[in-house]
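Enquirer: Here is what each chain is made of, one letter per residue.
2 protein chains.
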Amino acid sequence: MDLHSLNTPALILDRSIVTRNTERMSKRMRAHGVALRPHLKTAKSARVAKLATAGHSGAITVSTLAEAAYFLDHGFDDITYAVGIVAGKLPQAAALIARGADLKILTDNVDTAKAIAASDHGIRFKVLIEVDCGDARTGLLADSPELIEIGRILNESEHAELLGVLTHGGHSYLADGVDGIKRTAKEERDAVLLAASRLREAGLPCPVVSAGSTPTAVHGESYEGITEMRPGVFVFFDLDQLARNACAREDLALSVLATVIGHNKHIGQIVIDAGALALSKDISANAHWPQVGYGSLCDAETMAPLEDLHVAKVSQEHGVIPVTDAAAYDRLPIGSKVRVLPNHACITAAGYSCYHVVEGTQIVDEWDRVNGW
Amino acid sequence: MDLHSLNTPALILDRSIVTRNTERMSKRMRAHGVALRPHLKTAKSARVAKLATAGHSGAITVSTLAEAAYFLDHGFDDITYAVGIVAGKLPQAAALIARGADLKILTDNVDTAKAIAASDHGIRFKVLIEVDCGDARTGLLADSPELIEIGRILNESEHAELLGVLTHGGHSYLADGVDGIKRTAKEERDAVLLAASRLREAGLPCPVVSAGSTPTAVHGESYEGITEMRPGVFVFFDLDQLARNACAREDLALSVLATVIGHNKHIGQIVIDAGALALSKDISANAHWPQVGYGSLCDAETMAPLEDLHVAKVSQEHGVIPVTDAAAYDRLPIGSKVRVLPNHACITAAGYSCYHVVEGTQIVDEWDRVNGW
Chain D
388 MDLHSLNTPA LILDRSIVTR NTERMSKRMR AHGVALRPHL KTAKSARVAK LATAGHSGAI
448 TVSTLAEAAY FLDHGFDDIT YAVGIVAGKL PQAAALIARG ADLKILTDNV DTAKAIAASD
508 HGIRFKVLIE VDCGDARTGL LADSPELIEI GRILNESEHA ELLGVLTHGG HSYLADGVDG
568 IKRTAKEERD AVLLAASRLR EAGLPCPVVS AGSTPTAVHG ESYEGITEMR PGVFVFFDLD
628 QLARNACARE DLALSVLATV IGHNKHIGQI VIDAGALALS KDISANAHWP QVGYGSLCDA
688 ETMAPLEDLH VAKVSQEHGV IPVTDAAAYD RLPIGSKVRV LPNHACITAA GYSCYHVVEG
748 TQIVDEWDRV NGW
Chain F
388 MDLHSLNTPA LILDRSIVTR NTERMSKRMR AHGVALRPHL KTAKSARVAK LATAGHSGAI
448 TVSTLAEAAY FLDHGFDDIT YAVGIVAGKL PQAAALIARG ADLKILTDNV DTAKAIAASD
508 HGIRFKVLIE VDCGDARTGL LADSPELIEI GRILNESEHA ELLGVLTHGG HSYLADGVDG
568 IKRTAKEERD AVLLAASRLR EAGLPCPVVS AGSTPTAVHG ESYEGITEMR PGVFVFFDLD
628 QLARNACARE DLALSVLATV IGHNKHIGQI VIDAGALALS KDISANAHWP QVGYGSLCDA
688 ETMAPLEDLH VAKVSQEHGV IPVTDAAAYD RLPIGSKVRV LPNHACITAA GYSCYHVVEG
748 TQIVDEWDRV NGW
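In the order they appear, the protein sequences are chains D and F. Its first residue numbered 388, the first sequence is counted upward by one per residue in our numbering. Its first residue numbered 388, the second sequence is counted upward by one per residue in our numbering.
Don't take each hint at face value.
Given that identical chains are not distinguished, each listed pair holds provided it fits within a single copy or across any two copies.
[What the hints assert, rightly or not] Within a straight-line C-alpha distance of at most 27 Å, the following computed BS3-like cross-link-like pairs (lysine-lysine) qualify: (1) Lys437 <-> Lys513; (2) Lys573 <-> Lys652; (3) Lys573 <-> Lys501; (4) Lys501 <-> Lys414; (5) Lys569 <-> Lys513; (6) Lys437 <-> Lys414; (7) Lys700 <-> Lys437.
Hints listed in this document are in silico derivations from the structure and should not be mistaken for laboratory results.
Required output: the full structure, derived from the provided sequences and hints.
Expert: In structure tokens form, the structure reads like this:
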């Protein structure tokens, strides 16, 4: 079946590219002697998870307990839920463990550690302590006294097993160029190794030293002491990763197929049927490339860039593309198809229930996704 | 069942408020003698559609053919698909009509009009011509020659029935205050009436003169000559509508229930489990109110505003709330719940498959939604 037969907007995944991206990361992590625990928050798809875990143990990372349940149903049982848990979610986590998940949970605070230690679900929760390596989102500083306090609370409880430490060098997304990413990767490693050594010096176990973001997994110079890396968006990449030198243009596996529905010549714009819901309102790549707007246009078949055509405005189901050269109207007649490269693959993909998987312009498969919570 | 028993993030809809909002709009349109054809792109829910159409004919507006199919399945057959159609979507539209939909489609260009006129699905498409009243998104100018050309193409075809004209005063979202909205409402009406009169003067039929946006439906001074209005977000309202004086704070029916998952005191922030997917990356209200970020925090039970607490940063599943007064940590301990008012109800709701419907803090129902295309 040909690409042109799809209803639009539709989410298109290039199988050759996602395969190459996952193989490259798998090899790189093996070469560094680090286990790969890919973050499936981007793909939310068992078929992509299979590619992303190939050559490794099958361990995965998720961002919601709904993802954990979905991947468990699809045969992935070694799962780290990498968003800090709270007491109210322990019953859900316990139910997954009872169903066979080897689930790891996360905390960065004494209150939740106490709740885990005091829990009574007939199981022992495997727990990682979250460390802030400079990302300034969640996690404790590696030198904070609470790190040891939480470690002790968990280690002394029969309802918890202290597994180690976890960090996310998410500030690599804001790093300036490859050198900036290398520096962030070092900060990520230094912080998580310091936290691990402090736990060990306090006589506490720390078998797992978990780190990762796509940029730091792509450009880090040393992972010594880190036991696993958790990159996510590397499976698809996107304009934001491209703008930050984490990939090359030919690594972009994900695009949105759209149809030209209007030539608004009195204003000088082409309108497509991909708007805020089909593309998302994420404009992260604009920090480096303001000219990409809500997404860059490509030829639907060849994926060649369409000059400077980009989605400059979105409403719910409309994407508006400014036209400076009237030749664009002839090139993109009403009813013609384009493909739009998204700023941020994770957020754009979340608007869809499936991927239309292509080789060239042929649709070769349809892969499902899990959304929601 | 109590609100606190829900897994978070969850989409909360206050039944009393949505009922009051829909009753008020229904009465207002009746008082003006205008038919109400609510735009269900916001709610995408048959239960909300039932409230929004009460006191009117049951006619609705949709933004996708997936919505059209869903509402048809739920007993709504008078449906206007208010996004410009293209030839490739005519088979889908024809299939809906064959299933019983009294579907109206839309175009603003000669190419599509010709494709409709030349179609052969054994049915006659009811078609509206889209007019640009200043919104500068889609539609022809009311005084453009193509308006008559398209009218003639459609009117002369046995496969089309020219129904009239349609416009959307979407630039009311950018209007400055109530006076600005009133001016936009006048522009909307003037443009669509001009287009209608031009069609009629050319001897073409124009029984339908369709207009509307929530702000122009709330503040317009005259709808004379307009046969139907199509507001959408009025069912829920949101921070963006509030910032633009289209509603009052007590009209905000939609919120996201979230749990406090972190106190990141070393940086001065509270972290909740509602991030970019739970809230969306829409920050439209920030044009007027930069202090609301990705959403304003309220007490989960009373909906009282929590001082100036707002979500300033989001990653996929994390929302970060800057804390300037340390009392916030005591007020919102780890594990406590908050409700977040979204910038733009239509976009935030699209991340969820259902509404948890509340009266006060009691969950009284669950209403489904249709997503995707």
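Enquirer: Hint numbers the structure violates, sorted upward?
Expert: 3, 4, 5 and 7
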